[in-house]
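Please model the complete structure; the sequences and the hints are all you need to start from.
Protein chains: 10
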Amino acid sequence: MSPIMSKSEAAAHIDSARIRQGRTWAELAEHLGAPLVWTTSALLGQHPLTTEQARSVCELLGLGEDVAEGLVRQPGRGTPAELMADPTIYRFTEALSVYGPALKALIHEEFGDGIMSAINFRIDFARRPDPDGDRVVITLDGKFLDYKW
Amino acid sequence: MSPIMSKSEAAAHIDSARIRQGRTWAELAEHLGAPLVWTTSALLGQHPLTTEQARSVCELLGLGEDVAEGLVRQPGRGTPAELMADPTIYRFTEALSVYGPALKALIHEEFGDGIMSAINFRIDFARRPDPDGDRVVITLDGKFLDYKW
Amino acid sequence: MSPIMSKSEAAAHIDSARIRQGRTWAELAEHLGAPLVWTTSALLGQHPLTTEQARSVCELLGLGEDVAEGLVRQPGRGTPAELMADPTIYRFTEALSVYGPALKALIHEEFGDGIMSAINFRIDFARRPDPDGDRVVITLDGKFLDYKW
Amino acid sequence: MSPIMSKSEAAAHIDSARIRQGRTWAELAEHLGAPLVWTTSALLGQHPLTTEQARSVCELLGLGEDVAEGLVRQPGRGTPAELMADPTIYRFTEALSVYGPALKALIHEEFGDGIMSAINFRIDFARRPDPDGDRVVITLDGKFLDYKW
Amino acid sequence: MSPIMSKSEAAAHIDSARIRQGRTWAELAEHLGAPLVWTTSALLGQHPLTTEQARSVCELLGLGEDVAEGLVRQPGRGTPAELMADPTIYRFTEALSVYGPALKALIHEEFGDGIMSAINFRIDFARRPDPDGDRVVITLDGKFLDYKW
Amino acid sequence: MSPIMSKSEAAAHIDSARIRQGRTWAELAEHLGAPLVWTTSALLGQHPLTTEQARSVCELLGLGEDVAEGLVRQPGRGTPAELMADPTIYRFTEALSVYGPALKALIHEEFGDGIMSAINFRIDFARRPDPDGDRVVITLDGKFLDYKW
Amino acid sequence: MSPIMSKSEAAAHIDSARIRQGRTWAELAEHLGAPLVWTTSALLGQHPLTTEQARSVCELLGLGEDVAEGLVRQPGRGTPAELMADPTIYRFTEALSVYGPALKALIHEEFGDGIMSAINFRIDFARRPDPDGDRVVITLDGKFLDYKW
Amino acid sequence: MSPIMSKSEAAAHIDSARIRQGRTWAELAEHLGAPLVWTTSALLGQHPLTTEQARSVCELLGLGEDVAEGLVRQPGRGTPAELMADPTIYRFTEALSVYGPALKALIHEEFGDGIMSAINFRIDFARRPDPDGDRVVITLDGKFLDYKW
Amino acid sequence: MSPIMSKSEAAAHIDSARIRQGRTWAELAEHLGAPLVWTTSALLGQHPLTTEQARSVCELLGLGEDVAEGLVRQPGRGTPAELMADPTIYRFTEALSVYGPALKALIHEEFGDGIMSAINFRIDFARRPDPDGDRVVITLDGKFLDYKW
Amino acid sequence: MSPIMSKSEAAAHIDSARIRQGRTWAELAEHLGAPLVWTTSALLGQHPLTTEQARSVCELLGLGEDVAEGLVRQPGRGTPAELMADPTIYRFTEALSVYGPALKALIHEEFGDGIMSAINFRIDFARRPDPDGDRVVITLDGKFLDYKW
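Protein chains in written order, with UniProt numbering: chain A, 1 to 149; chain B, 1 to 149; chain C, 1 to 149; chain D, 1 to 149; chain E, 1 to 149; chain F, 1 to 149; chain G, 1 to 149; chain H, 1 to 149; chain I, 1 to 149; chain J, 1 to 149.
None of these hints come from the bench; they were simulated from the model.
A virtual CB, placed ideally from N, CA and C, is assigned to each residue, including glycine.
Errors might be hidden in some of the hints.
Claimed, not checked - Quick list of the computed label-pair ranges, beta carbon to beta carbon:
#1 A:S2 <-> C:L83: 43 to 53 angstroms
#2 A:S2 <-> G:E9: 19 to 29 angstroms
#3 F:P3 <-> A:D130: 39 to 49 angstroms
#4 E:D66 <-> I:P131: 40 to 50 angstroms
#5 C:T24 <-> G:E9: 23 to 33 angstroms
#6 E:E27 <-> C:L83: 47 to 57 angstroms
#7 A:G112 <-> D:M1: 53 to 63 angstroms
Shown next as structure tokens:
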């Protein structure tokens with residue numbers, strides 16, 4: 001019996017079926033009743049789905065139990081460096097390189113010595129109409145955690 | 001005559017004077033009438049100030065023309081890799097490593113083939129009270145730019 | 001059903017069929033009615049084609065729908081580091097290493113604080129006859145974007 | 001007697017004097033009667049100046065013979081990686097990462113097996129007015145060199 | 001005859017069978033009568049099992065002799081860098097980056113010039129209930145080895 | 001007026017005075033009434049001290065206000081890679097490379113999808129007598145944080 | 001129809017057939033009437049062969065048209081870093097690390113500001129008998145190219 | 001008493017004095033009665049000079065005993081990576097990347113399993129007139145060393 | 001006809017057959033009449049075997065001519081970085097990092113300017129009984145080569 | 001009062017005084033009554049000396065208490081990567097890259113699963129006369145440590 005499908009292989013099946021059936025990530029999120037960025041990220045392999053969620057999305061897209069097994073398993077999170085160089089992703093890295101020390105200074109000033117959690121954390125995505133060109137609006141929203149011995 | 005002070009040296013003077021005088025970044029931003037994250041980032045060396053802004057902030061902090069000269073000059077933007085490993089900054093890098101491909105997919109789905117500008121761009125910082133622990137809320141707001149030959 | 005073909009696999013099919021049929025990149029660009037560098041770059045996997053473009057070029061080269069599917073999908077843009085070391089490509093990297101800071105200084109002097117867009121951007125390629133040896137002429141033409149908060 | 005000033009130290013003196021006297025790179029290029037990008041690049045330390053050029057520009061900017069000595073010496077060319085991450089410079093790197101393989105393919109198609117020289121080479125910088133926003137136009141113009149045993 | 005299965009392939013079979021049969025790592029450790037962290041680590045490919053251990057665990061999970069062969073062989077220990085970036089693992093790296101020099105200073109103060117062995121070493125894992133949220137408690141316990149010529 | 005002393009410079013003063021006066025880290029921790037590893041780590045520059053703590057330790061060691069200023073400031077946390085290669089520190093890195101994936105698997109099994117916090121976290125150091133050679137015992141104790149959108 | 005064979009795959013076929021038939025690189029060079037180092041390098045995948053050359057060498061070695069197709073295609077030149085660590089190749093890297101700056105200084109002294117071309121370039125290999133042990137003699141012979149705007 | 005001058009500091013003094021006095025490397029080599037590339041390399045810090053050689057060249061250039069001390073000491077050989085990116089030096093690296101595997105193959109074919117020594121080794125530099133442009137000719141001449149257990 | 005088996009594939013066959021037949025490396029060395037470390041290293045792919053040696057060891061282990069062909073071919077020597085991180089191998093790297101500069105200083109003091117050859121070189125492995133625990137004794141024995149122009 | 005001298009600064013003073021007084025490392029080892037490689041390594045900054053040893057060697061070389069303080073302090077062990085590229089040191093790295101996996105295999109075969117300690121470890125250096133050229137003989141002698149939970 002072959003090992004359980006890897007997260008990345010499962011993600012490739014999801015994305016291919018999604019494209020071939022003309023479904024959007026937003027539709028998949030709605031189908032699961034889950035937040036948009038969470039759903040997209042999970043289906044790209046960064047979060048585990050529950051067995052119910054995995055079967056539901058595989059059923060919608062006509063994929064089998066082997067894909068569902070892969071979606072459920074616990075991921076090794078993160079993205080390889082070469083994919084991070086894609087221009088659409090790189091702009092976030094650049095913004096962080098320019099504004100990271102300022103965000104650190106402001107977190108310390110406002111909250112004290114600590115961090116914004118990346119675990120108790122959500123991220124939202126929106127389009128904001130603007131006469132000079134619509135804008136991408138990303139909101140990071142994480143619990144402050146203070147250094148606490 | 002010695003060369004103009006580097007951005008990082010000017011930033012060290014600003015930060016030291018700020019701490020010794022007990023001033024917050026928010027006060028400096030208010031003094032300049034400029035956005036909070038922009039001001040903090042600029043005074044840490046990531047943006048050029050106008051001569052008027054530079055002199056105004058140096059006067060407030062009791063610093064000389066040599067520091068003002070450094071604040072005005074055009075920066076080489078970016079943060080060295082070792083500073084990016086600081087835990088407060090690293091959490092943003094981690095979030096990007098987990099959610100970057102999802103944001104890319106959603107930008108393409110919603111806007112088409114293109115990027116969120118990191119130049120026509122602003123970033124805001126806020127504290128959101130929450131009974132389970134207050135939250136850091138960061139908003140990235142950049143113009144969508146489509147690949148346009 | 002197998003996942004959609006990757007961009008690099010599709011590109012390998014295009015290039016192989018192009019060579020075997022003795023067609024030039026210029027002919028493919030003309031066939032598509034698209035600019036030369038854009039077409040070459042897109043068929044090497046750096047830009048998405050429309051479904052019509054993908055089918056048209058696959059028909060011309062006798063390739064199937066599986067290749068067309070790959071050409072249409074959204075790419076993760078960029079070139080692996082080892083390919084960038086090829087001498088023909090490296091000369092551009094070297095020129096950038098020598099002239100990059102000067103270009104930055106001149107953009108700031110002429111336009112103010114900002115960048116040349118690599119998205120609202122085109123690049124042209126030409127041969128210029130010269131008695132001392134013909135010359136490669138590459139023109140980069142990108143919209144200036146100022147840092148705008 | 002102390003060693004000859006390094007290129008980067010000489011460049012720091014030139015740039016500081018230039019800023020304090022309110023002179024543009026274009027004025028310095030005109031003063032030397034040399035091309036704009038060449039002059040900027042040379043004064044930033046990437047090309048050697050002749051003794052006459054070095055003395056002429058130092059006289060204009062009120063700098064001494066020690067700076068002129070540094071400008072004349074043969075440089076170790078290239079830019080450290082951390083400066084290449086500056087957004088204004090990075091956009092060129094990104095364009096090369098996206099279009100490099102296409103340029104290689106087109107050079108081979110049009111000229112045969114070889115490279116565009118980065119030595120017998122010039123690079124020009126211009127502003128092109130455009131109703132949708134002025135554009136940065138960079139022209140790379142290098143002699144084709146074929147692999148010739 | 002094909003070569004002996006690699007440790008990582010054997011680990012993939014173990015983990016897949018374990019998940020499909022709903023068995024925990026704790027059950028496998030109990031089955032082997034071996035410590036929990038050791039067992040988990042060994043079955044993930046970081047330690048050799050004895051032939052008896054390998055056959056016993058394969059029998060329990062319904063896996064064949066080919067998997068057992070892989071479990072017995074001597075491993076090349078260590079984890080690829082990209083897996084170390086997973087957030088759950090990264091927190092340990094971060095803690096080490098913050099507290100490593102302090103641990104070194106305290107080992108030298110308490111024991112003299114030497115190290116904590118990572119070979120004559122055990123590591124235990126426990127859950128400690130806490131009203132503010134349960135805690136992960138990891139204990140590293142290694143023999144002190146002094147620099148001894 | 002010169003900028004505030006850096007954390008690493010302040011740490012060098014603390015460590016030098018400590019050695020010259022024959023004081024142990026344990027004595028400094030006791031003097032501050034703070035945990036041993038926290039104190040050592042903070043005085044090596046990884047945590048901010050309160051003004052009272054900083055002045056108290058500087059007074060004990062005969063150091064001035066300039067050192068105290070450095071101890072109070074917010075650190076950029078982390079240790080340069082070359083120091084992490086020291087054998088006494090490296091053994092921790094090695095243990096993490098061997099046992100990291102097992103710890104991840106056990107955290108997920110016991111607690112669910114999440115991490116051990118490195119912020120709401122403490123680390124203790126002890127010597128355990130053993131007839132076969134005394135042992136270094138390090139306890140990591142961090143709050144479990146589950147992925148919570 | 002499968003894509004054209006890669007250069008490295010074609011090279012593997014050439015080298016395997018060459019070894020099995022007991023032919024030397026020198027014989028292949030003589031067969032092609034081409035220089036020794038050029039031939040070896042080309043057949044290892046670093047230069048394109050003409051269709052005639054490719055068919056001729058494949059016929060000699062009993063290889064098919066699929067290998068010939070690979071030999072003709074334009075290579076991405078260069079050698080992966082791990083192969084450059086082989087001791088026989090590394091000695092050249094070491095010599096360059098020791099003598100590179102001296103060669104640069106001498107090129108500038110003798111020829112002026114410029115480079116030795118690696119394109120208009122040949123490299124020869126010879127054995128020179130010597131009573132103290134025969135010697136490897138490698139001659140690099142490249143056209144001087146001066147920096148010429 | 002201050003430590004002995006480093007090789008690189010000594011090299012900076014030699015090069016500066018050489019330039020100011022208008023002397024060539026060839027003259028220095030002749031003065032020492034030593035080969036040209038050896039002399040240049042040694043005075044740039046890659047080989048130790050004898051005390052007599054060091055004093056002789058310092059006397060010629062009007063430099064003191066402190067520089068001579070530096071020239072005599074045993075070097076840590078090699079060139080930092082950033083200097084190796086200079087175009088004049090890089091061309092050698094590129095040639096090695098293209099031809100290194102071929103040279104290895106030919107050494108094995110002609111001499112058997114072994115290397116060209118980089119220690120029992122000399123390197124010569126010459127200018128060869130050529131109507132199509134003079135050529136740089138570099139000869140590497142090293143003893144063959146066979147793998148000999 | 002498929003290409004000759006790679007060294008690493010041949011090594012995998014040797015090691016698998018060796019394990020399955022319960023043979024030690026020492027037995028294989030004795031069978032070949034060759035030194036122990038040389039034999040082990042050669043069969044792991046770091047040295048070429050003669051045809052006679054290759055056939056002899058394959059016959060002993062019941063392996064075919066395809067494996068023998070791989071053992072005979074000339075290797076690209078060296079070990080990938082990730083395997084060097086294995087703790088058993090890493091201790092040698094660590095010892096070299098601690099004692100390397102001392103060995104260099106002593107070679108220069110005792111022999112003059114030069115190196116210990118890694119080609120005219122042997123390495124022996126022994127177990128030395130010791131009441132405090134047996135010891136691994138590795139002897140490196142290489143010819144001194146002086147820098148000789 | 002200035003901080004205690006760093007190990008590397010102290011080492012520079014020792015080496016300079018040693019050279020100026022014409023003393024060998026062997027004489028210093030004899031003076032200290034300590035092994036040769038240990039002494040050289042310790043005086044180059046890799047081991048702490050006792051206060052008595054430090055004062056004794058400083059007295060012999062006419063160096064002050066400030067150097068002795070540096071010699072006594074606990075080092076951060078290891079050598080920067082650029083120094084490891086020196087040819088005399090690199091040959092050890094190369095030998096390890098070629099023979100490391102064989103040594104690992106033989107340690108496991110002879111001793112079982114474990115390592116050679118680099119802490120309970122000594123290294124000796126000798127010159128062995130040989131008619132074909134004297135040889136460098138380095139003996140690594142470390143206690144075997146088995147993986148012991």
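Consistency of the hints with the structure:
1. Distance hint check: the CB atoms of S2 (chain A) and L83 (chain C) are about 33 angstroms apart, inconsistent with the given range 43 to 53 angstroms.
2. For the hinted restraint 19 to 29 angstroms between S2 (chain A) and E9 (chain G), the CB-CB distance of approximately 28 angstroms keeps it satisfied.
3. Between P3 (chain F) and D130 (chain A) the C-beta distance comes to about 41 angstroms, which sits within the given range of 39 to 49 angstroms.
4. Checking the proposed 40 to 50 angstroms range against D66 (chain E) and P131 (chain I) shows it holds: the Cβ atoms sit about 43 angstroms from each other.
5. Remark: the range hint 23 to 33 angstroms for T24 (chain C) to E9 (chain G) is upheld by a beta-carbon distance near 25 angstroms.
6. Separated by about 48 angstroms at the C-beta atoms, E27 (chain E) and L83 (chain C) satisfy the suggested range of 47 to 57 angstroms.
7. Between G112 (chain A) and M1 (chain D), the C-beta spacing of about 55 angstroms keeps the proposed range 53 to 63 angstroms intact.
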